[in-house]
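Chains as they are written, first to last, in the working numbering: chain L, 1 to 186; chain Z, 1 to 793.
Hint data in this document are derived by calculation from the structure and do not stem from the laboratory. What you are looking at is a predicted structure, and each value in this text was computed from that prediction instead of being measured. Among these hints, one or two may not hold up.
[Unchecked claim] Cross-link-like lysine-lysine pairs, in silico, BS3-like; alpha carbons within 25 Å at most:
{"hint": "1", "chain 1": "Z", "residue 1": "K27", "chain 2": "L", "residue 2": "K168"}
{"hint": "2", "chain 1": "Z", "residue 1": "K411", "chain 2": "Z", "residue 2": "K170"}
{"hint": "3", "chain 1": "Z", "residue 1": "K120", "chain 2": "Z", "residue 2": "K308"}
{"hint": "4", "chain 1": "Z", "residue 1": "K308", "chain 2": "Z", "residue 2": "K298"}
{"hint": "5", "chain 1": "L", "residue 1": "K160", "chain 2": "Z", "residue 2": "K441"}
{"hint": "6", "chain 1": "Z", "residue 1": "K757", "chain 2": "Z", "residue 2": "K308"}
Residue strings, one per chain:
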Amino acid sequence: MTLFEEVPVTTTREIPVRRVQMRVNGETRAANIEPRLLLAHLLRNGLQLTGTHTGCDTTNCGACTVLFDGQPVKSCTMFAVQADGHEITTVEGLATASELHPIQEGFKDEHGLQCGFCTPGMMLSAKALLEENPNPTEDEVRWALSGNLCRCTGYQNIVKAVLWAAEKMRGYTPASDDAADGGGEA
Amino acid sequence: MALDEVKIGGLGASRRRVEDNRFIRGKGNYVDDIVLPGMLHMEILRSPLAHARIASIDVSGAWAVPGVRLVLTGEMMAARNLAWMPTLSYDTQAVLATDKVRFQGQEVACVIADDPYIAKDGCEAIVVEYEPLPPIVNPQQAMAVDAPLIRDDKVNQADNKIFDWEVGDKDGTDRAFAQADVVSEIEMHYPRSHPSPIEACGSIADFDRSTSKLTVYMTTQAPHIIRAAVSLVAEIPEHMIRIISPDLGGGFGNKVPVYPGYVMSILASILTERPVKWIEDKSGNLISTGFGRDVYLKGQVAMRNDGKILGVRMHTDSDHGAFFSDAQPSKFKIGLMHSAFACYDVPTAHLTATGVYTNKAPGGVAYRCSFRVTEAMFFQERMICAAADDLGMDQAEFRRVNLVRDDDFPKRTPFGFLTDSGQYEKCLDIGLEAIGYADFKQEQEEARKRGRLLGIGISTMTEPLGAGNSREYDILGIKMFDSAELRIHMTGKAILRTGAKTQGQGHETTWAQIVAHELGIPADDIVVEEGDTDTAPFGMGTYASRSTPVAGAAVAMVSRKIRAKARKIAAHLLEASEEDVEWELGRFYVRGAQDRGVSIQECAMAAYSNVPDGMEPGLENNAYYDPPNLTWPFACYIAKVEVDPETGVWDVLHMVAVDDCGVRINPMIVEGQIMGGLTEAYAMANMQFITFDEDGNCIGSNYMDYLLPTAWETPGFELHEVVTPCPHHPIGAKGIGECATVGGPAAFVNAVMDALKHTGVRNIDMPLLPDRVHDALTTGNDVSGMPPVKTEA
Numbered sequence: 001m002t003l004f005e006e007v008p009v010t011t012t013r014e015i016p017v018r019r020v021q022m023r024v025n026g027e028t029r030a031a032n033i034e035p036r037l038l039l040a041h042l043l044r045n046g047l048q049l050t051g052t053h054t055g056c057d058t059t060n061c062g063a064c065t066v067l068f069d070g071q072p073v074k075s076c077t078m079f080a081v082q083a084d085g086h087e088i089t090t091v092e093g094l095a096t097a098s099e100l101h102p103i104q105e106g107f108k109d110e111h112g113l114q115c116g117f118c119t120p121g122m123m124l125s126a127k128a129l130l131e132e133n134p135n136p137t138e139d140e141v142r143w144a145l146s147g148n149l150c151r152c153t154g155y156q157n158i159v160k161a162v163l164w165a166a167e168k169m170r171g172y173t174p175a176s177d178d179a180a181d182g183g184g185e186a
Numbered sequence: 001m002a003l004d005e006v007k008i009g010g011l012g013a014s015r016r017r018v019e020d021n022r023f024i025r026g027k028g029n030y031v032d033d034i035v036l037p038g039m040l041h042m043e044i045l046r047s048p049l050a051h052a053r054i055a056s057i058d059v060s061g062a063w064a065v066p067g068v069r070l071v072l073t074g075e076m077m078a079a080r081n082l083a084w085m086p087t088l089s090y091d092t093q094a095v096l097a098t099d100k101v102r103f104q105g106q107e108v109a110c111v112i113a114d115d116p117y118i119a120k121d122g123c124e125a126i127v128v129e130y131e132p133l134p135p136i137v138n139p140q141q142a143m144a145v146d147a148p149l150i151r152d153d154k155v156n157q158a159d160n161k162i163f164d165w166e167v168g169d170k171d172g173t174d175r176a177f178a179q180a181d182v183v184s185e186i187e188m189h190y191p192r193s194h195p196s197p198i199e200a201c202g203s204i205a206d207f208d209r210s211t212s213k214l215t216v217y218m219t220t221q222a223p224h225i226i227r228a229a230v231s232l233v234a235e236i237p238e239h240m241i242r243i244i245s246p247d248l249g250g251g252f253g254n255k256v257p258v259y260p261g262y263v264m265s266i267l268a269s270i271l272t273e274r275p276v277k278w279i280e281d282k283s284g285n286l287i288s289t290g291f292g293r294d295v296y297l298k299g300q301v302a303m304r305n306d307g308k309i310l311g312v313r314m315h316t317d318s319d320h321g322a323f324f325s326d327a328q329p330s331k332f333k334i335g336l337m338h339s340a341f342a343c344y345d346v347p348t349a350h351l352t353a354t355g356v357y358t359n360k361a362p363g364g365v366a367y368r369c370s371f372r373v374t375e376a377m378f379f380q381e382r383m384i385c386a387a388a389d390d391l392g393m394d395q396a397e398f399r400r401v402n403l404v405r406d407d408d409f410p411k412r413t414p415f416g417f418l419t420d421s422g423q424y425e426k427c428l429d430i431g432l433e434a435i436g437y438a439d440f441k442q443e444q445e446e447a448r449k450r451g452r453l454l455g456i457g458i459s460t461m462t463e464p465l466g467a468g469n470s471r472e473y474d475i476l477g478i479k480m481f482d483s484a485e486l487r488i489h490m491t492g493k494a495i496l497r498t499g500a501k502t503q504g505q506g507h508e509t510t511w512a513q514i515v516a517h518e519l520g521i522p523a524d525d526i527v528v529e530e531g532d533t534d535t536a537p538f539g540m541g542t543y544a545s546r547s548t549p550v551a552g553a554a555v556a557m558v559s560r561k562i563r564a565k566a567r568k569i570a571a572h573l574l575e576a577s578e579e580d581v582e583w584e585l586g587r588f589y590v591r592g593a594q595d596r597g598v599s600i601q602e603c604a605m606a607a608y609s610n611v612p613d614g615m616e617p618g619l620e621n622n623a624y625y626d627p628p629n630l631t632w633p634f635a636c637y638i639a640k641v642e643v644d645p646e647t648g649v650w651d652v653l654h655m656v657a658v659d660d661c662g663v664r665i666n667p668m669i670v671e672g673q674i675m676g677g678l679t680e681a682y683a684m685a686n687m688q689f690i691t692f693d694e695d696g697n698c699i700g701s702n703y704m705d706y707l708l709p710t711a712w713e714t715p716g717f718e719l720h721e722v723v724t725p726c727p728h729h730p731i732g733a734k735g736i737g738e739c740a741t742v743g744g745p746a747a748f749v750n751a752v753m754d755a756l757k758h759t760g761v762r763n764i765d766m767p768l769l770p771d772r773v774h775d776a777l778t779t780g781n782d783v784s785g786m787p788p789v790k791t792e793a
């Protein structure tokens, strides 16, 4: 992939633009942007990384969660200019070309998602937790995800998904029932 | 050899979901992810006041913002006969306000610009002068003699009443009450709540002048109804409209109605001849789109001393907001409220209902609910709880005395529905056993001695899911049936399309399982597609837990049509007569010679290469399904809680759910639906509601005020199952999506009331906020949740 890419972002004539450069999912990206542009919108509209969703605009729902230098932040309440010179990971950066991240596998195996809208943010919050605490308790998982809202699942399976991933990341094979692993290859 | 059904992802397999493959990669395709060339962006300016006359609107400031392409006001809409639109309940709703605003958040103008930031700048530059009018925030106030008239736009509307409606047997019920040993009475409010999917509403309208075709990408649970509605409202021929509902970030009933934003984006695209995207913000969603509930109840139960219920009276006053736009079968004014008491053997009942306008957002959608059954079952179980207490009878025993017995089916309910199957007492027993009911009374007493307040709440109910049958259920005359279309390709792979629309339920996974069950084609070989009206066959959409009962049945029926044709082809290939051809999962064989067979895949190939003389080639079909009855799942939910007497905070110690939704297509998905439903039940009981101050300001207009439970607050759930197949559904399934949301709240509330029983408090309106519980504990009085009205200073 390109090391450096100019990202087109609409600007209005009256507002001076700022040039920013950041690493997104391991690639260096740059853009001229309005200072008021939110990070979520730069990611979604500028970089076409639409896996980062905007749900509430008030930092409550966490659908827009991305990792900012490894820490989960809500990208709808952060200006893109604040990310200048920093490292961002979005949901698109979780899997490699050939392999899913164990958290992604866990969410599918444990039915940790329904409509899928909150899922990217959930998974990134979970990633930040597991990198700091590879063997969390259920309560620790629930606390770590308490900045991410889900309306479909009731959380129980999300918690199971994260614990499943934790086990796999520690080198064990997590238990899974023997039902058909439908849906083709993951 | 017949195939192993679970291995091919058939009925009963907890098949992992197909749709997850894109969602876990962030590759879902929600409406805001779609970008069309030359697309413009729309923002809506909303009223800050609940009730006011519009003196003037000055949009010149918006036009002066560079990048603004179009500004729309009510006046401009009126010039095109689009200022008002019809609702799903034979009323009208303003698209953009012309004369006055009738609720806070009502659409007043909109700006279309090069990007959404500029569109917002444009909205801020619009100057509106309002002349405030007195706001009305509850039904009592609405029906007061001197109440200001909200709908002065309507001829013949002299007051704020929308309807009076009744159902049941008044005289019979009066007689039953005259014979009662005990009459129990209770009043309560089911507060206004918002479905609040995390993704708000939105649309991209794309009108192509060269073809006259309008394509609209839209967050809708019912694309075909929308196509018809747009055709009627915008006077565009139906075949020139294509509605595409892409991935939906949740719906829960919120994405059924037609909203002004959709209509405005369509007009804006026609006027600008460019695609116009409208993405609602959270606040807009919470203050202006379809809410649920907001009903007041007066309930009475007549009983004998031995606990037998003789009759029930209910009166509801419902608050519909400024426009009557409930999304529900047209025949029933207060939805299916009269499904109450369906699981009990109640000889007679009478329900009266009054609906009113207020200065609040319109809606009245079926929020994870079959048209007010959530209120019906909550009222029922709160009335049952109070009645048992008034008799001094044990909660479980009282239910046992009155529950319909297994051999009573089919059973006419007190309001005239027909229930057909269930094992109610078995479900209750499993629930009681799991929660440890036998030992609880002692545990409660001992805890109370140590100053701890424990309580158990039971909720048992059956509810009518899967509207409907076409005799009774239509929306504006459109009958509520569904269809499916199945094409088997020559290599035995298939595509299935239905008129339903998944929004997290997992249709892409489960529909394929039904086909696998019927045809033996592995589920992985079947693609499921929904949501595009140009390709999907007609359907009424997905809400009210109707997908599996109606569209799911159509999937089974179209598969059977395919199998019937495949059988003829098999007979041809096997050189046997059709009557001698037997079916086992995945293959036909000659009776008496089981090794002489052909697979369904071989039949598919023959359908395109070697059909018998005179047979039409190909292997595809469609089926319309008009269900003979609703499906009646049963549930028993039992919650055990502890109330902190110092703070009024309550915690769930144990929550048990016993669900009988008939045959489970995908047990994993069914359990996911139940846990999600229980969480919304817990939310409504504990924290989630929308209320208004005396000026009509919406309290709950964002997620800082509108509280949704997180992973931290949400309790764990223990699930149990009972399976009583639905006698009329092709695969024996019943609806499940909403059961827990419908039946769950009463379990939590009954549990808290049980913990507070020693205080004499009979009712606290939901949500049971700590301050409300604390008030009840300290004063011994009931706590009302009715929004307060302004009193003269």
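Check your understanding: Taken at face value, is the distance from the CA of K168 of chain L to the CA of K27 of chain Z at most 25 Å?
Key -> It holds: about 24 Å lies between the C-alpha atoms, which stays within 25 Å.
Practice item. Mind checking the alpha carbons of K757 of chain Z and K308 of chain Z for me, to see if they're no more than 25 Å apart? Key: 23 Å, holds
Check your understanding: Does K120 of chain Z pair with K308 of chain Z here, judged by a C-alpha cut-off of 25 Å?
Key -> 62 Å, violated
Check your understanding: Holds or violated: K308 of chain Z with K298 of chain Z, Cα cutoff 25 Å?
Key -> 21 Å, holds
Exercise for review: For the pair supplied as a hint, K411 of chain Z and K170 of chain Z, confirm whether the alpha-carbon distance does not exceed 25 Å.
Suggested key: 20 Å, holds
Review point. Under the criterion that the straight-line Cα-Cα distance not exceed 25 Å, is the pair K160 of chain L, K441 of chain Z satisfied?
Key: 33 Å, violated
In summary, the numbered hints that this structure violates are 3 and 5.
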